[in-house]
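Peer 1: Next come the chains, spelled out residue by residue.
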Amino acid sequence: MDYRLKIGERAVSFHAERKGAHGMTLSREGSLLDVDYTIISSHHVHLTVNGSPVNAYIAEDGDTRTVLIRGITYSIEHADAFDNRGRGKKRSQAVQQDITAPMPSVVIRILVSEGDAVSQGDNVIVVSAMKMETTLTAPFDGSVRAVNVAVGDKVMPGRILIDIDRTVEQAIEDESHSG
Amino acid sequence: MDYRLKIGERAVSFHAERKGAHGMTLSREGSLLDVDYTIISSHHVHLTVNGSPVNAYIAEDGDTRTVLIRGITYSIEHADAFDNRGRGKKRSQAVQQDITAPMPSVVIRILVSEGDAVSQGDNVIVVSAMKMETTLTAPFDGSVRAVNVAVGDKVMPGRILIDIDRTVEQAIEDESHSG
Amino acid sequence: MFRKVLVANRGEIARRVMNTCREMGIATVAVYSEADRKAVHVLKADQAVYLGESDPAHSYLNMDRIIDAAKQTGAQAIHPGYGFLAENPQFAERCELEGLVFIGPPSQVIRELGDKTTARRTVMRSGVPVIPGMTRSESDPVVLAEEASGIGYPVLIKAAAGGGGKGMRTVASPEDLREACISASSEAERAFGDASIYLEKYLPRPRHVEFQIVADRHGHAVHLFERECSIQRRHQKIIEETPSPIMTPSLRERMGAAAVAVAKASGYVNAGTVEFLVDREGAFYFLEVNTRLQVEHPITEMITGLDIVRIQLEVAAGNPLPMAQEDVRSRGHAIECRIYAEDPEKGFYPSPGRIIHLEEPTGPGIRNDCGIYAGFQVPVEYDPILSKLIAHAQTREQAIERMIHALRDYVILGVRTSIPILIDLLESAPFRKGDTFTDFIDTHFPDWKPDRSEEDVACAAFIIDELSRPGKAQGAGAHAGAVQSPWQTIGPWGR
Amino acid sequence: MFRKVLVANRGEIARRVMNTCREMGIATVAVYSEADRKAVHVLKADQAVYLGESDPAHSYLNMDRIIDAAKQTGAQAIHPGYGFLAENPQFAERCELEGLVFIGPPSQVIRELGDKTTARRTVMRSGVPVIPGMTRSESDPVVLAEEASGIGYPVLIKAAAGGGGKGMRTVASPEDLREACISASSEAERAFGDASIYLEKYLPRPRHVEFQIVADRHGHAVHLFERECSIQRRHQKIIEETPSPIMTPSLRERMGAAAVAVAKASGYVNAGTVEFLVDREGAFYFLEVNTRLQVEHPITEMITGLDIVRIQLEVAAGNPLPMAQEDVRSRGHAIECRIYAEDPEKGFYPSPGRIIHLEEPTGPGIRNDCGIYAGFQVPVEYDPILSKLIAHAQTREQAIERMIHALRDYVILGVRTSIPILIDLLESAPFRKGDTFTDFIDTHFPDWKPDRSEEDVACAAFIIDELSRPGKAQGAGAHAGAVQSPWQTIGPWGR
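Chain order of the listed sequences is A, B, C and D. Numbering follows the numbering used here, in which position 98 of the first sequence is assigned residue number 98; successive positions increment by one, without gaps. Numbering follows the numbering used here, in which position 101 of the second sequence is assigned residue number 101; successive positions increment by one, without gaps. Numbering follows the numbering used here, in which position 298 of the third sequence is assigned residue number 298; successive positions increment by one, without gaps. Numbering follows the numbering used here, in which position 422 of the fourth sequence is assigned residue number 422; successive positions increment by one, without gaps.
Just so you know, these hints were derived from the structure itself, not from any lab. Beta carbons are placed, not taken as given, at the ideal position from N, Cα and C, and that holds for glycine. Errors might be hidden in some of the hints.
Taking lysine-lysine pairs in the DSS-like style, the calculated list, with each CA pair at most 30 Å apart, reads [as the list claims (entries may be wrong)]:
1. C:433 - D:4
2. D:264 - D:346
3. D:346 - D:38
4. D:449 - B:6
5. C:433 - C:449
6. C:71 - C:38
7. C:38 - B:19
8. D:433 - D:449
9. D:201 - A:19
10. C:38 - C:201
11. C:4 - C:38
12. C:433 - A:154
13. A:19 - D:71
14. C:449 - A:6
15. B:154 - D:38
16. A:154 - C:346
17. C:346 - C:264
Away from chain D, derived, C-beta distances all over 12 Å, residues of chain C [stated by the list, open to error]:
18. 20
19. 23
20. 37
21. 93
22. 136
23. 179
24. 304
25. 309
26. 347
27. 399
28. 405
29. 408
30. 431
31. 452
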């Protein structure tokens, strides 16, 4: 079976062959991994890779699996899934005109109102997570179309907090760059 | 809803009424328990019983649930299930003519052969579990009909290790007692 | 001794305080917010009282509700832990007025030491050197700008009521001062219920060395040696150790005497920490007194064999200190690593979430004061501390090795943690040499990423995990299992 | 120092030895049997070698395969742990002949002390009193019967090679001797690969007090104080503590000196334990030397701050002891409880099985040397020890309280454990008073059952658990969920 996995910033192709009930060989660019494994629990696999044992702890988070080995985390997903999603993302980024929460957080202060004109880099909203405050800034010049949250709201990553209408000339310029 | 539970040697009847999403009242012989609860995990419930919080840890083992509270275990099952099983057991006990493993163990020594005559209390087989040896004895006078295991066999509880044909006069006598 | 104590805190520290209480036969009362209905301190208490919404202002900072909870449950004393109301003199005073014992110093002492500027004046009078800076707190941006110019940039903004790095900002130039002050003040308000800030001269590359003190109501005070707390990120400690690598018997004697002098000059009672900065020449400056149990108190417990919470309870009940200075002996070396829910690859950004899987390190010399469990939803509203991992061994070198292996054994799935960078910090040559300064991470680990040298193994684990899960597709869109795989909805994979 | 060490053992002790190895930068090799493919020591090792079938004779007692594993992996030394081959002189000799370092005393010393009767003669010559009994081992039932008559009933059968209570039987009258000897001998054969037994006078109500010794190849030997190991079931310790409640400075000095005298008289090297019985008048008798790391060594580590496995490795590598007698200091009180998979309500009958859920106690002064994890199948072939829970505190009373609460916090589902009786033992008035004798359980806890005072709460938990599981029937035969409930097959319930 062939796999194309995205790990970190790279995509890596593997060819996997089963070897008995609890083994496989994995080849990648000429190098060969001989793998025996024991499933210890739903989050723990014990592997012996080319003779060296190692514990890997695994959690699924949407498309991604986080693999923890000797205290270090690896985020891995199928490169195809990433490509599909990535293309979608790029498209939406090209017309981005909103400010989204970077992580689960609570809205602390809102520094703009509907209709306000903002310049790129202006502080527009402050969110807090685990006692750390982060100030989000306007990504471009424009005017505030909508404030979608109120102080005290709990917001999840990706939630659109504030919509900004981009000043028209610049928006067109950017569009042409992204083409 | 009504429950008849077997706990330890006793059967206890409860009447349960739901009280909101995470509460219930339980009444038993005039006494009333007001219970709030939070499911912490598939093996852990946090209860507040008449105002006092307590952690209960629960595992299923066949018909029985083991409940662990403050380091003490309680074995509980539905009394009906026990009664059904119990009646079956009693019947089989009345004609018992075999020696069964009391727990998961390994056969260490077999002290009798097919055809041997044995007296009640004679040592017939030695099993070992976790380095502790236990000698099983003949439950009545009789003769060995079959030895079903070999030294080194791993046996589970209830497995019939040795069949003994009971000496006839005594068997009849016992049968009349059990009637 | 008290029959019942309310712990006005959450997570690992509430659990740790309750551990000692129950060992002393004292019943415990937990308080909790909406987000903490399933928190570990609620599960471990003899009683638990709901305070209110998750926002600290409605729960852990809500004095009325906490006092009510104490009265309603018949608690005789309140242990505030650290953070929240621990150094709030109004709260200590409320307790005093309501006939509840506040397990900490008298409100008057908290007020005088808690106003860091008053504390600085008190200490200056006792002859201990202090860092140049303001002698009163201020909220007017104009006045703050003037003070900053007087002190000279870079300056450090600090919360007058603070501790734990909250409300702290370094400001390099005048144009950044205003927004930094607003942000710091807001953070302080939310963390301590007090927005007051002041400015100090920013000392370059200091070491942060603090002394644990304990004092009773009968005029006795002793110190329990020092802790070195130089390894910090965002002005918050992440690794502490004792003894300090720079400590000499003579310096320890002088600094210990200074710490006890501060305790006596301020009329201190209960446990507290006298913080110093030590410059490269070995001169030390009084920084502030933390009038509470410190996050990092366990390392002192490891080397002294004492239970500081027990001492707090004894002293709060009016009993004399159970030991004199000469009875306090240090043994071995102890290190604490703070395990935060945060992503050290992304500027230590907080990482709340649900704990999917947890395996705590155990074994000789390992202690883990833990505030989470598998399945727990780490709330977004509070400090990102998950647990404090402590290693104790005969020597510093052995304690470092013990800690590194314990960190590698520590399995937390579901949130990002500080564990990978902690491993690299401990393994680094400057740390092993004891060259620990407060700018250690900025200097040696700018833009840190872990060494991901086992990518192939991780990919093998990924593939095995996928193959071994029942109901998951095992080939290009094949197999329609009971559970829909996310890959099935996205398209073919693994061809 | 060694670069690689093979640990010829399993479970918690193999894991514990490997902990210290890795802290010293020594690579570890685990060996395992069929039943232990997923055992914790396999998961924690740098390398793991399969030995053979689960029966110890084919795996952990198979010298050839273990020596092969060491050679094949390039291990330079073998740590035997306790039990299995730990006190087998042939194995130590094989190691010596094969150029592998056996981490323990020289084979000659093991042989002389391991033949408990030779040991008794050696010790008698050094002036330390011994218990009346045989001076050589024996397998002939006729000779044994004669010896027993000579000694006088009751007699104690002991394995000449033994330790850990295996192969031990008390015999009250001549007619029981024969079968008891056969059974003891068989158990000894299986446990140690040596069926030899001998008889000693059975002392009524003795205390079991042992001294930890460590000795190097350069003629230095020190003791690390005593351990009181009187609380036993089936002649096997279940609670150990240090200091002993009966110890006085003067008795400690005399017994410690006797222990060091035994070490020197026997040419001892590495860590070992000199066991004594102490009678009610405070007279002490040499019992035997255990020429290995003892199960209960952690309590000595807690009070001395030393890592005994590290000392073992240092001494085995030829280094001198890192300390003199006067450097060894005791601090506080430590208690160990052995957590066995057994049912204390049914004569401590073994209870193997799968661990369904596990929560280990943590916190100040708590150490848990643990050989299991959630999901592990506890094998039927080996000792029932699951873990060793250790509590360390300033005083005996505090250590008892700490231990009781840790035991109550310890959650093991899937097998029965010794935890409930351990709680009752520690809470009992005679234990708290320190009145601990080897017949403690028989005297104070015959036919013990736990106090099941929370039956109603347990029933509430049962009902909630049943109601909360999706797919389970919630009423008389109603609801056909995805998962078939056992109750549905049995009939209606909960009407």
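Peer 1: Against each hint, give a clear statement of whether it holds in the structure.
Peer 2: Comparing the hints with the structure gives:
Taken as a hint, the residue 433 (chain C) and residue 4 (chain D) pair is honoured in the structure, with Cα atoms around 27 Å apart against an allowance of 30 Å. The straight-line distance between the Cα atoms of residue 264 (chain D) and residue 346 (chain D) is roughly 44 Å, outside the 30 Å bound, and the hint therefore fails. Taking the CA atoms of residue 346 (chain D) and residue 38 (chain D), the gap is near 29 Å; set against the 30 Å cutoff, the hint holds. Between the alpha carbons of residue 449 (chain D) and residue 6 (chain B) the distance comes to roughly 18 Å, so the proposed pair stays at or under 30 Å and holds.
The suggested pairing of residue 433 (chain C) with residue 449 (chain C) holds, with an alpha-carbon distance near 22 Å, which does not exceed 30 Å. Annotation: proposed proximity of residue 71 (chain C) to residue 38 (chain C) holds, straight-line Cα distance about 23 Å (limit 30 Å). At most 30 Å may separate the alpha-carbon atoms for a hinted pair to count; residue 38 (chain C) and residue 19 (chain B) meet this at roughly 20 Å. At roughly 22 Å between alpha-carbon atoms, residue 433 (chain D) and residue 449 (chain D) fall within 30 Å of each other, so this suggested pair holds.
For the suggested pair residue 201 (chain D) and residue 19 (chain A), the alpha carbons sit about 61 Å apart, so the restraint of at most 30 Å is broken. With a C-alpha separation of about 43 Å, the suggested pairing of residue 38 (chain C) with residue 201 (chain C) is violated against the 30 Å cut-off. Of the pairs offered as hints, the one joining residue 4 (chain C) and residue 38 (chain C) holds, with about 22 Å between alpha carbons and a cut-off of 30 Å not exceeded. Using a Cα cut-off of 30 Å, the hinted pair residue 433 (chain C) and residue 154 (chain A) is violated, with the two alpha carbons roughly 44 Å apart.
With a CA separation close to 27 Å, the supplied pair residue 19 (chain A) and residue 71 (chain D) stays within the 30 Å bound. A C-alpha spacing of about 18 Å is found between residue 449 (chain C) and residue 6 (chain A), which places the hinted pair at or below 30 Å, so the restraint holds. For the suggested pair residue 154 (chain B) and residue 38 (chain D), the alpha carbons sit about 19 Å apart, so the restraint of at most 30 Å is met. Of the supplied pair hints, the one linking residue 154 (chain A) and residue 346 (chain C) holds, its CA atoms being roughly 21 Å apart against a limit of 30 Å.
For the hint linking residue 346 (chain C) to residue 264 (chain C), the alpha-carbon distance of about 44 Å lies beyond 30 Å, and the restraint is violated. Against chain D, the non-interface label of residue 20 (chain C) is violated: not every CB pair exceeds 12 Å, the least being about 7 Å. For residue 23 (chain C), the condition that its CB be more than 12 Å from all CB atoms of chain D is violated, with the nearest at approximately 4 Å. With a least beta-carbon separation of about 16 Å from chain D, residue 37 (chain C) lies farther than 12 Å from that chain, consistent with its non-interface assignment.
Residue 93 (chain C), annotated as away from the interface, keeps every beta carbon of chain D farther than 12 Å; the closest lies near 31 Å. Against the 12 Å criterion, residue 136 (chain C) stays outside the reach of chain D, whose nearest CB is about 40 Å from its own CB. Taking the minimum C-beta to C-beta distance to chain D, about 42 Å, the non-interface status of residue 179 (chain C) holds against the 12 Å cut. For residue 304 (chain C), the requirement that its beta carbon stay farther than 12 Å from each beta carbon of chain D is not met, with the minimum near 9 Å.
The claim that residue 309 (chain C) lies off the interface is violated: its Cβ sits roughly 8 Å from the closest Cβ of chain D, which falls inside the 12 Å cut-off. Residue-level check passed: residue 347 (chain C) sits 31 Å from the nearest beta carbon of chain D, beyond 12 Å. The claim that residue 399 (chain C) is not at the interface with chain D is violated, since a C-beta of that chain comes within 12 Å of its own (minimum 9 Å). Not every CB of chain D is more than 12 Å from the CB of residue 405 (chain C) (nearest about 5 Å), against its label as outside the interface.
Not every C-beta of chain D lies more than 12 Å from that of residue 408 (chain C), the closest at about 9 Å, which undercuts listing it as non-interface. Every C-beta of chain D lies more than 12 Å from that of residue 431 (chain C), the closest at about 17 Å, which supports listing it as non-interface. Residue 452 (chain C), annotated as away from the interface, keeps every beta carbon of chain D farther than 12 Å; the closest lies near 20 Å.
Consistency with the previously given hints fails for numbers 2, 9, 10, 12, 17, 18, 19, 24, 25, 27, 28 and 29, ordered from lowest to highest.
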